[in-house]
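*Asks:* First residue of the sequence shown? That's 25 in my numbering, and the numbers climb one at a time after it.
Think of the hints as simulated: they come from the structure by calculation, not from any bench. Heads up, a few of these hints could be off.
Stated by the list, open to error - With beta-carbon atoms standing in for the labels, derived distance ranges:
1. Ala65 <-> Glu228: 44 to 50 angstroms
2. Ile39 <-> Gly109: 50 to 56 angstroms
3. Thr227 <-> Arg247: 39 to 45 angstroms
4. Glu228 <-> Lys152: 37 to 43 angstroms
5. Lys98 <-> Ala65: 23 to 29 angstroms
6. Leu43 <-> Lys191: 56 to 62 angstroms
7. Val50 <-> Gly146: 55 to 61 angstroms
Cβ coordinates follow ideal geometry from the N, Cα and C atoms, glycine included.
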Amino acid sequence: MADEDAPLSSYSDPIYDRLDALSRQVRKQWWLVVLAVIIIALAAIAVRLWLHREPAALGGAIAARASDEQDPAKREAAWIELADGAGHDIGFRAAANIELSQILLDRGDAIKARDRAKQAEGFARDAKDDDLQLAAGLSHAAALLDSGDANAALDLYEKASRGAGAKHPARKLAGDLGAAVCLEKLGKPDEAMARLEPLTTRTERGAEQLVQLATAMYWRLKRAAEKPTASQAPAAAPAAPTASDQQPTASGGQQPAASGQQPAASPAPVAGQPATAPAVK
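Model the full assembly from the supplied sequences, consistent with the hints where possible.
*Replies:* Rendered as structure tokens:
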């Protein structure tokens with residue numbers, strides 16, 4: 025009878041010898057391996073059942089699946105499943121509605137985006153989660169702004185900015201930036217610049233993109249404000265000389281009288297404007 029402890033091969037190598045010893049142990053105690061596989065399978069089944077019974081755990085699992093999904097259609101379907109599932113945790117339902125509101129805004133459907141944002145506000149209030157309430161309010165404001173109601177959007181952005189305070193600096197920054205956008209839409213660029221200027225020096229971690237947007241918008245409005253206005257238009261071009269201002273030439277023609285005045289030069293083009301004004305049609 026063959027010795028089970030004897031090496032399976034005459035080849036000698038440290039790694040191979042360890043693997044060979046392990047395989048002999050598995051052959052001797054195969055029932056332990058089978059038992060381990062059974063225990064792992066039962067544990068997986070138990071975890072799955074627990075997830076289906078625990079709303080928060082199931083909501084977290086669906087949210088993680090939606091966040092990791094690369095297919096936009098499947099991602100949206102997962103968020104809808106979470107947002108509309110009556111048995112899911114209300115905090116996760118609020119977050120899912122916020123995500124869906126943003127998806128709808130990107131698609132250009134401001135009305136449905138507003139409805140999703142309003143649902144998110146209700147769930148966030150029930151969950152008593154301050155950050156979710158701020159995020160839902162900002163989503164609602166963005167939907168109102170996209171639908172053309174800048175005044176109502178301004179009120180919500182102002183509310184979010186006040187509610188965020190120092191506890192939620194990124195949300196406050198988003199509220200201030202949104203308020204500035206609304207002020208520009210309402211024809212108040214000076215107030216928008218005043219709102220944006222403090223944002224250009226903010227250094228909150230995680231809000232770098234918002235700071236960049238605020239800075240770009242501030243300088244765009246500032247450059248626009250520094251351009252010449254109608255009251256600063258250049259002087260009119262000199263009128264054509266009259267007969268009294270001309271004298272005969274040797275060939276019998278007329279030439280301008282030799283005066284000490286020369287026609288005014290055309291104004292230099294302003295940086296950022298065309299050299300000639302467009303024709304009025």
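*Asks:* Against the structure, test the hints numbered earlier, and report the numbers of the ones violated in rising order.
*Replies:* Structure breaks hints 3 and 4.
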